[in-house]
Amino acid sequence: MSEEPLVNPEVLEMVGDWRGYVEAKLGFRNHWYPIRFSSELNEGALLVVELLGEKLLLKRIDGKVYAMRDRCLHRGVPLSRKPDCYTKDTITCWYHGYTYRFQTGELANILAVPDSRLCGRRKIQTYPCEEAKGLIFVFLGDEHEVHPLSKDVPPGFLDEDLMVLGKHRVVDSNWRLGCENGFDALHIFIHKDSTLRHFREFNFPIGHTPLPGAVTCIEEEDGPKGVEDDFSKHHPIWDGEIDGQIVVKGPKFDPKKGTSASIGTSIWLPGVLKVESFPVPGITQFEWYVPLDEGRHLYVQTLGQACTTDEERSDFANKFETHWKPHGLDGFNADDIWAREVTQPFYDDDYGWVDEMLCEPDSTILEWRRLAARHGRGIQTKKDLR
Amino acid sequence: MSEEPLVNPEVLEMVGDWRGYVEAKLGFRNHWYPIRFSSELNEGALLVVELLGEKLLLKRIDGKVYAMRDRCLHRGVPLSRKPDCYTKDTITCWYHGYTYRFQTGELANILAVPDSRLCGRRKIQTYPCEEAKGLIFVFLGDEHEVHPLSKDVPPGFLDEDLMVLGKHRVVDSNWRLGCENGFDALHIFIHKDSTLRHFREFNFPIGHTPLPGAVTCIEEEDGPKGVEDDFSKHHPIWDGEIDGQIVVKGPKFDPKKGTSASIGTSIWLPGVLKVESFPVPGITQFEWYVPLDEGRHLYVQTLGQACTTDEERSDFANKFETHWKPHGLDGFNADDIWAREVTQPFYDDDYGWVDEMLCEPDSTILEWRRLAARHGRGIQTKKDLR
Amino acid sequence: MSEEPLVNPEVLEMVGDWRGYVEAKLGFRNHWYPIRFSSELNEGALLVVELLGEKLLLKRIDGKVYAMRDRCLHRGVPLSRKPDCYTKDTITCWYHGYTYRFQTGELANILAVPDSRLCGRRKIQTYPCEEAKGLIFVFLGDEHEVHPLSKDVPPGFLDEDLMVLGKHRVVDSNWRLGCENGFDALHIFIHKDSTLRHFREFNFPIGHTPLPGAVTCIEEEDGPKGVEDDFSKHHPIWDGEIDGQIVVKGPKFDPKKGTSASIGTSIWLPGVLKVESFPVPGITQFEWYVPLDEGRHLYVQTLGQACTTDEERSDFANKFETHWKPHGLDGFNADDIWAREVTQPFYDDDYGWVDEMLCEPDSTILEWRRLAARHGRGIQTKKDLR
Ligand code: FES
Ligand code: FES
Ligand code: FES
Ligand SMILES: [Fe+2]
Ligand SMILES: [Fe+2]
Ligand SMILES: [Fe+2]
Ligand SMILES: [Mg+2]
Ligand SMILES: [Mg+2]
Ligand SMILES: [Mg+2]
Ligand SMILES: [Mg+2]
Ligand SMILES: [Mg+2]
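Chains as they are written, first to last, in the UniProt record's numbering: chain C, 1 to 386; chain E, 1 to 386; chain Z, 1 to 386.
Please keep in mind that the hints were generated in silico from the structure rather than gathered at the bench. Where a beta carbon is used, it is the ideal one built from N, C-alpha and C, also for glycine. Don't take every hint at face value.
What the hints assert, rightly or not - No farther apart than 35 Å at their CA atoms in a straight line, the calculated lysine-lysine pairs in the DSBU-like style are these:
(1) C/K88 <-> E/K252
(2) C/K249 <-> Z/K82
(3) Z/K123 <-> C/K249
(4) E/K55 <-> Z/K123
(5) E/K383 <-> Z/K64
(6) Z/K192 <-> E/K123
(7) C/K123 <-> E/K233
(8) E/K383 <-> C/K383
(9) Z/K192 <-> Z/K233
(10) E/K123 <-> Z/K249
(11) Z/K64 <-> Z/K383
(12) E/K382 <-> Z/K382
(13) Z/K123 <-> E/K88
(14) E/K249 <-> C/K123
(15) C/K151 <-> C/K133
(16) Z/K82 <-> C/K192
(17) C/K383 <-> Z/K383
What the hints assert, rightly or not - Just some of the chain E residues that point at chain Z, by a computed CB distance under 8 Å:
(18) V77
(19) P78
(20) S80
(21) R81
(22) T99
(23) T104
(24) A108
(25) D384
(26) R386
Please model the entire structure based on the sequences and the hints provided.
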């Protein structure tokens, strides 16, 4: 029984300018993460969630969402195991009556020790919450570090007329394998049999390589930090050859725009992908890889479409249920989920970060690793979990 | 593969005068522990039990109980996996015939190597056993350290006219969380809905805090070592208030004696609680938290009542089956078992001992930790398990 | 997360002249191991196997068997999870199209990056394969270290007229406990109730001890390295006595030859036992304990009989199915499998190698440990698994 380092120190010595990314096995602290849809938390209800290795209690009080560490200060038990909410604003620990205020985390009272010197002097950890586009975001970090939500979502996501629909599920891989699977231009090879192609005319090369100028790092002071990859500046490959023989072909319908199903992707801190014109022109896929613990992330998949009338909104909602959810988020992305989970064992002991053998188009992934190491606002550590 | 310390060394550096208690994750060596009821081991029968991380074989021979390490000296296999008992006094290992005498542990013979230099010169570990009040006690320690059983049980437990009945079950928490749950004056908050209150008139404050003079350390040279907590010298709280509003009330029937259901508790080395006048005046609950391994203890629950006639004994046995076992040992204490198991994860990595945030009434628990560190006769270590 | 040593360093310091054997927890590298029967791999088929902790892909191409590491160089995924074999000689990784040639391991192509500088310049690990006596052998080691198969099988196994039949199954113990169980003259105690004795007249002492001259180390430069134990030079014990009373007797039918069911055994690197005249004179049992990982081995059990005519071959095949497989390999050896699995926990943390208490006849096992430490061609390490 001793404190094992979270990341293999031998590996940390071997990586160069993206060491901070390898350290961030539990995610980057001091960022906003979407953790549930607003519709999942009714007034007065409680939810237990995980985020960057911490267990949190969410409660909606008078419409506003609050997040509190789900662990009693006294002897460390989860408050949620038997939630005693005697008043709207407080939760009382079932074991010895420590009572906390949701809005501030203040230890308001110990029911049987009302005069305790601790009352009013101690706080349980709370985290700021915001709701946007139907998602509940939690700022997992320290209060004095809070940044505007707009700095942690891809450009366009907060656009007023954007209607956002989605779903989430737990994936058994580290969150970084989610980011890299999504942003990886070469991985479209796994989607070659997707049923999604029956719902539109796809350009589907077996892979494509960025040419000079395709990749741009976005690092403006007041905006989100990310890497953009423009598929119109990629060199696509349509036929796969082995020993001079064509063994696999990618379907090609639309010669006009881009080289792929999408026209470009971008990946943003703290781990969110934007896929433009996907699954169909006019729609953008935004998806988050939210760190739950070392080996799991919450895959929050959303589609956004600009809608200005009720009819447009109703049409999008309908099409989402009948087309894009079953054939896109469920069908197409099932390949991605499976690929991330199968990749996980190689990176489990951290050696994967130095034993991998990247090829030329993986330069985009390296840009992302470096950018994340430069701009991540803090590394979540084992100490943060104590 | 290397020898992990049993307890986090960083934590050991941080605790002060009860370091030995934190070290005793596997229990205190050189003490007597009850491990089964006498009625569970018939003449000639074998039982496999665990104690402080060691696997033991118990056998009753001519009425007397013997305990032997259940691991062959030769190549470490459990003798119990295929017990070959060719004579009353011996057990022969099923693998290569090493034969041990229960009374002494002597390697009496190797069946196919009768002239081995090892025969008569090696011993398997055995431990002294005694029976008292219907329980089989094992002295888990070194023979030259054996102390009288009376030094390891609470005062009164061996009284001649005391009739003792009970049960045992395995609880998934470290033994110390058992001790601390039982001796904790504030934890009665969890029992507020117990069905036991329908069988007597309970005084049940939501908690109570010891006043000066309530707590006494008992450390006489020739007796058991423990901490007594006198509830008549406690300040009880009957109404729990949040923001000026009473949110929970404790029932109060009997203003005359004590402040709680019991009139006082005491906790004794090596981990046994005495609850006076409980579940009803005239009965005493004695309960042991016997270390099995780092994360489990055997919860040995007993009730003792002074009986001098057969009729009294029969009445007590009847009342035990119909009232105190179902509503006390099963019902009431089920809350305690659950609380210990839910607390375990916080202390699993030992940081709980320094990260906890105790309040004023927990001073009784601190007294116990210090007393245990002062008087525990030895720390069970990983080396003892090899 | 850090690199735990494979073997407890404290233990390595304590063992003397067979330290290399204790280090070889994952087996000896640079040796030939049988991994499947030839009949289990048809032309064009793929098999996934484990060997010394590595996952391998086997494929038969134009009759010849090839073995390749089942882990893509790119990002470490198992190729076998979705095998894309577009041509007879290659396998393409399902994730990004890295394409490997089975015969050489060469990275022949990356389907969507045909111009990658990596193509033709990188190799995935492959291992030489040979087939003999109906078994597929893999040389788990470095190509420049390859030795003739004849140096890694017991004498006689490759004899031209020897017909070999067998089976294999996974056993949950380290491979060394397999070797030591098989070569251990004293362990026949566990077979005393075998049904095999109904199929022949067995000499079955309860154990026997080698006399001077029984044990010979075979270490000729160009042959296999092993230890032979001649049972005709053993002192058998027929009656087991405790306190002067005979408690168990071994059946004795044939006073003429040897002292046991077999007339002698030998154990050879890299972990294969030869049992002469067993299960019946005229047949030899050859059995391998092939390391799969730290805690499991593949038990490859074979019987060999000299056959020169089709009738002899057919008779042997028939007798194998009706007698020797059910009563020998299944029945008799089931005791051995069980014993190895029950012994495993004692050696799991490596302390068993120094905590065991060997007796006189175990000198044969010590000879084997020393010989293996002298002649093992390499230790498989955790680094080899990365
Ligand atoms: S553990 Fe929460 S009040 Fe004691
Ligand atoms: S392991 Fe018990 S006699 Fe060999
Ligand atoms: S992981 Fe195999 S090609 Fe990428
Ligand atoms: Fe994808
Ligand atoms: Fe209790
Ligand atoms: Fe055997
Ligand atoms: Mg902790
Ligand atoms: Mg000791
Ligand atoms: Mg051991
Ligand atoms: Mg090596
Ligand atoms: Mg690896």
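Checklist entry - Failing hints, ascending? => result Of the numbered hints, 4, 5, 13, 20, 23, 25 do not hold.
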